[in-house]
Each structure stands twice: as structure tokens, then as C-alpha cells.
Amino acid sequence: MSIADQPGTADRQALLDRIDALEKRVTEMESERAEDKVSMVVFSGDLDRVLAAFVIATGAAAMGQKVDMYFTFWGLTAIKKRTEMEGKSLLQRMMAMMTPGSSETLPVSRMNWFGAGAKMLRMMMKERNVESLEDLMQLARDLDVNIIACDMSQGVMGISDAELMDDLEHGGVGTFLGSALTSKATLFI
Amino acid sequence: MSIADQPGTADRQALLDRIDALEKRVTEMESERAEDKVSMVVFSGDLDRVLAAFVIATGAAAMGQKVDMYFTFWGLTAIKKRTEMEGKSLLQRMMAMMTPGSSETLPVSRMNWFGAGAKMLRMMMKERNVESLEDLMQLARDLDVNIIACDMSQGVMGISDAELMDDLEHGGVGTFLGSALTSKATLFI
Amino acid sequence: MSIADQPGTADRQALLDRIDALEKRVTEMESERAEDKVSMVVFSGDLDRVLAAFVIATGAAAMGQKVDMYFTFWGLTAIKKRTEMEGKSLLQRMMAMMTPGSSETLPVSRMNWFGAGAKMLRMMMKERNVESLEDLMQLARDLDVNIIACDMSQGVMGISDAELMDDLEHGGVGTFLGSALTSKATLFI
Numbered sequence: 001m002s003i004a005d006q007p008g009t010a011d012r013q014a015l016l017d018r019i020d021a022l023e024k025r026v027t028e029m030e031s032e033r034a035e036d037k038v039s040m041v042v043f044s045g046d047l048d049r050v051l052a053a054f055v056i057a058t059g060a061a062a063m064g065q066k067v068d069m070y071f072t073f074w075g076l077t078a079i080k081k082r083t084e085m086e087g088k089s090l091l092q093r094m095m096a097m098m099t100p101g102s103s104e105t106l107p108v109s110r111m112n113w114f115g116a117g118a119k120m121l122r123m124m125m126k127e128r129n130v131e132s133l134e135d136l137m138q139l140a141r142d143l144d145v146n147i148i149a150c151d152m153s154q155g156v157m158g159i160s161d162a163e164l165m166d167d168l169e170h171g172g173v174g175t176f177l178g179s180a181l182t183s184k185a186t187l188f189i
Numbered sequence: 001m002s003i004a005d006q007p008g009t010a011d012r013q014a015l016l017d018r019i020d021a022l023e024k025r026v027t028e029m030e031s032e033r034a035e036d037k038v039s040m041v042v043f044s045g046d047l048d049r050v051l052a053a054f055v056i057a058t059g060a061a062a063m064g065q066k067v068d069m070y071f072t073f074w075g076l077t078a079i080k081k082r083t084e085m086e087g088k089s090l091l092q093r094m095m096a097m098m099t100p101g102s103s104e105t106l107p108v109s110r111m112n113w114f115g116a117g118a119k120m121l122r123m124m125m126k127e128r129n130v131e132s133l134e135d136l137m138q139l140a141r142d143l144d145v146n147i148i149a150c151d152m153s154q155g156v157m158g159i160s161d162a163e164l165m166d167d168l169e170h171g172g173v174g175t176f177l178g179s180a181l182t183s184k185a186t187l188f189i
Numbered sequence: 001m002s003i004a005d006q007p008g009t010a011d012r013q014a015l016l017d018r019i020d021a022l023e024k025r026v027t028e029m030e031s032e033r034a035e036d037k038v039s040m041v042v043f044s045g046d047l048d049r050v051l052a053a054f055v056i057a058t059g060a061a062a063m064g065q066k067v068d069m070y071f072t073f074w075g076l077t078a079i080k081k082r083t084e085m086e087g088k089s090l091l092q093r094m095m096a097m098m099t100p101g102s103s104e105t106l107p108v109s110r111m112n113w114f115g116a117g118a119k120m121l122r123m124m125m126k127e128r129n130v131e132s133l134e135d136l137m138q139l140a141r142d143l144d145v146n147i148i149a150c151d152m153s154q155g156v157m158g159i160s161d162a163e164l165m166d167d168l169e170h171g172g173v174g175t176f177l178g179s180a181l182t183s184k185a186t187l188f189i
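Protein chains in written order, with our numbering: chain A, 1 to 189; chain B, 1 to 189; chain C, 1 to 189.
Cross-link-like lysine-lysine pairs, in silico, DSSO-like; alpha carbons within 30 Å at most:
(1) B:Lys-37 with A:Lys-24
(2) A:Lys-24 with B:Lys-24
(3) C:Lys-66 with B:Lys-66
(4) A:Lys-37 with A:Lys-24
(5) A:Lys-81 with A:Lys-66
(6) B:Lys-24 with A:Lys-66
(7) A:Lys-81 with C:Lys-126
(8) B:Lys-37 with C:Lys-24
(9) B:Lys-81 with A:Lys-119
(10) A:Lys-37 with B:Lys-37
(11) A:Lys-66 with A:Lys-37
(12) B:Lys-126 with C:Lys-88
(13) B:Lys-66 with C:Lys-24
(14) A:Lys-66 with B:Lys-37
(15) A:Lys-37 with C:Lys-37
(16) C:Lys-81 with C:Lys-37
(17) A:Lys-37 with C:Lys-24
(18) B:Lys-37 with B:Lys-81
(19) C:Lys-66 with C:Lys-81
(20) B:Lys-24 with C:Lys-24
(21) A:Lys-88 with C:Lys-119
(22) C:Lys-88 with B:Lys-119
(23) C:Lys-126 with A:Lys-88
(24) A:Lys-66 with C:Lys-66
(25) B:Lys-66 with A:Lys-37
(26) C:Lys-37 with A:Lys-66
(27) C:Lys-119 with A:Lys-81
(28) A:Lys-24 with C:Lys-66
(29) C:Lys-66 with B:Lys-37
(30) B:Lys-66 with B:Lys-37
(31) A:Lys-24 with C:Lys-37
(32) B:Lys-81 with B:Lys-66
To give a feel for the contact side, a few chain B residues facing chain C, derived at Cβ under 7 Å:
(33) Asp-48
(34) Val-55
(35) Ile-56
(36) Met-123
(37) Met-124
(38) Met-125
(39) Arg-128
Simulated from the structure, these hints should not be mistaken for lab results.
Here a beta-carbon is modelled for each residue, glycine too, at the ideal position from N, C-alpha and C.
Just chain A, with the same shape it has in the complex (with noise of 0.2 Å):
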């Protein structure tokens, strides 16, 4: 016999039990629903690479994406505003005298020659008009794109917050993986 065949007070509490449910197992997968975000590692501090990055940044953060970028290791370099000598161990020291000291002096992943391929990367981009690499990161911060430093990183490196780009937000490999765990795409570029 059915249970839409049984009449009365036991009917009811039947179905109420299984709507009951229903709300349940609803409410825990909404719980886990990824949000409305894009979350990356921007790990490359190559000029090309980081282009990539602010390009996909700005494009979800216009089509109403969350973004977080979280800058580690070689991509510390690209949200470098200057270099200071003070508080750096020998080691930090030559470490920050090869590596470039802002977004400016970004070397290109493949035929870099001393920082000529790179300039050409960006005449060409120059000249078809588009957008620099500090014009993208400004319309990133326009958009309220997350930029966000690794400490563990900065660290290591020696790279005090002085020397980072001004309102930043700063996070370890668990502000990361609390971003990527809830985000609809991730990059590690």
C-alpha cells in the first residue's frame, strides 16, 4: 500500500519527515557551494606570465568574479615598488640584487636577452594598444582584485612589506587553499 493511499496523522508526519530531510541534505550542499571566485598562485615572476595572470584577473573581476592572487616566490617581484639593502642578510642581499626591483624590470619566460625581449613584448603591445602591465594591475586594484603576499616567501627572500605595493593583504599557503577550496576556478600560473 502507498504511502499517498494511508490516510490521516501518520501520512503526514511521513511526508513531513522526508521534506524534513530534503531541507537537510539542501542546506549542507549549499553550504559547500563554490562562491562566485577565481583564486590563483601567481608563482612566475616572468613579465608574459604575470601579464596572463591580470588579464584573467581584471576579465573575471568584470564579468562579477571574486578575485584573489596570491603572490609567491618569483611573483613577489611583480608587487615589488622598490629594493631596500636594510634588515637583508648577505644572501637576501644578492637575492634582491638579481631579481628585478618592481613590475617595471620583469624579465620575458623565453627570450628575455638581458630585458630586450621584453621591452619589445611591451612596444608590441604599445603598439596595438593594449593595456600595460601597471595599467592592469591598476584596474585590478580598481575592481577590488585581492592581492595577496606570502609570508612564508617574504620571508625567505627578506622582502620587507616596505618594499611591497602599498594595501596589500598579506596570507600564508592556508589563506590560499581557504580561497581556492571555495573558488569556482584555479590557476597556479
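Got chain A; can you put chains B and C on it based on the hints?
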């Protein structure tokens, strides 16, 4: 007093309201459900990385996934079939001369030694009867993998549609994001 | 006239049908729900990138995520423990001689200078009491991170199981995809 004990219309109406609400929530979640789809940015133009991209793409397609491959920057060289100098600016011509003219001359990311490394890798693959990059690319086409060329990169590098493989799609960062945000997995290669 | 006003069996049957349909839809969505899992392809054999992979892997495992690391191509050199020349073809022997014999001799992706860059990075990490790559790899094992070796790459490069770390899993692209398609985040490193 539990709702299950209430007799009559009020009871039924309360049940109906909860079912209506559930249907709405379930419909909303269904509308955001990731599709059976893998999307990737192929940024690299290195033989080894492009091979990895096509191994994953053809594997996913064979498993019944929709696959969108978005070729940008150096990745465009992997889907070129020839180089034409007409219509290019001086810088674009220089770039064309310094980059591979098709998938067959892609370098490897390490130990390329002016192409010797790439030849060695191809020989090692043949020795083991592993499909060549060109075979994998054909297989990808046969399996309806979507090959999408980034139009911004084409513009900057001055690569015309006639220089690329036939029957490609074209798109911008919005095309990639539209795919990535509804995919089960997204890769940046 | 609303269904809520209809008395009797027809009313109950309509309700039951809607609840049946909801249960089916919810069950289907639950079956596709991403697991608490992070999956990654470790394609790179660069010390800096492999470090990033293990920092993310151990971080995710510590947060209770299942972690699948799929080592392919240059990445295989990071999970080698020794090199054996027997059983290798001439090309495979050349490749073995030119690539690192274990994690301890991985180069850095930039400014490697025949290993000086890698040594410098290791010294900088030690200076800050950051765990070494080998410590992180051990931690990953302790946290039950799955280390999977790509069997196609092993075949092409002629790397035998005896040359790799003990207690690894082995798999093909289907193994990786099976993991990635049910993961909350996927990375290609």
C-alpha cells in the same frame, strides 16, 4: 504543537510552501552545477608542456568530458601551420622569425640546445610507440576537443587566422572564463 | 484553484510526486559533489616549483583535504631516489645523465648557474628555519598525501619503479582525471 498535528488546509499550505522553497533552491543549485567539462589555458609553447596538455585533453575527451583548450601567447605557436610576413609590423616580423613556425619545431622547456633536446624527446617517444604531438592533436580534433585561439595574443603577435590551423574557434578572456567557471577542472599550462 | 485547496488522495499524490522528484534531483547532485580533495599535476622538476607543490599539498592535508599529487615528466626527477643505467636505451641513458638523480639535485627555474642558485635557495630557507624539500616530502607521506607516478612518462624516460621512492602509486592520465574531476581545486605545477 507540530505542524503534522494540524488538520486541514493550513497544514497542506505549509507543506506546499516548504516544497516550493525546496524546488527553488534545488533549481538554483542545478543552474550553477559544473558541467562535464575540462578547460585549460595553453600559455606555454614548449613541446613537453603542450604534449602534457594534449595528453590530458584527449584523455578527458575519451572519458566523455567536453574539453576547451584556450591557446594564448607562446601557446599560439603550437597551433600555427605556417608563417606569413605580409601584414606584420617590424616587431611582429622579428617575433615571427624568432618563434616556431608550427608544432613541429617547438622547443623543450629544458635542455633544448637549439632543438636537439626536442628531437631527442620525439625520438624517445617513438622508441616507446607513444603518439607524436601531431597525432595527439589530430586525435583531439577527432574527439571534438575545442581549440580556441586567443584573439588578443594574435593581435599583439600579429598572427593572422590564415597562419593558424583550420577550423579553430576564436575568443577572448571572457570565452576562457565562461568555460572555466562551469568546468569540473581548470588548468593553466 | 490551488492544489492546497484540493482535498483527498489526488492532493496527497501530487505532493508525493513532487517530493519524489526532489529526492531524485538532490541525490543526483550529491553524486557529483566535489570531494574534500586537492589534486595536482607536478610536471616541473624545478626545486622552487616542487617546493610550492609540497607546501600546498601538506597545507591542504593538514586542513583535512585528501591530496593527490600526480608526478609526470620532469616532475618524476623529484621523486627519484637513485639512477640505474641497466635496462635503459641509449637515449634514456643520456636523459638520465642529464637530469637530476633525486630531489637533492633539482635545479631552480631561474638563475640556477649549474646548481649554485638551488644551493642558495636551500641556504636561504635554512636561514629562516623553513623546512627543506626533503622534510616537506616526508611530512606529505606522514599526512597520507598520495604520490602517484605517471607510467607513460616513466616508460618514455625509461625510469624503473626501483629508481623511484618506495610505496608510490602508479597511474595514467585517467588516474589524474578521475581525481581532478572530483576535486575542489586542481593545479598544474
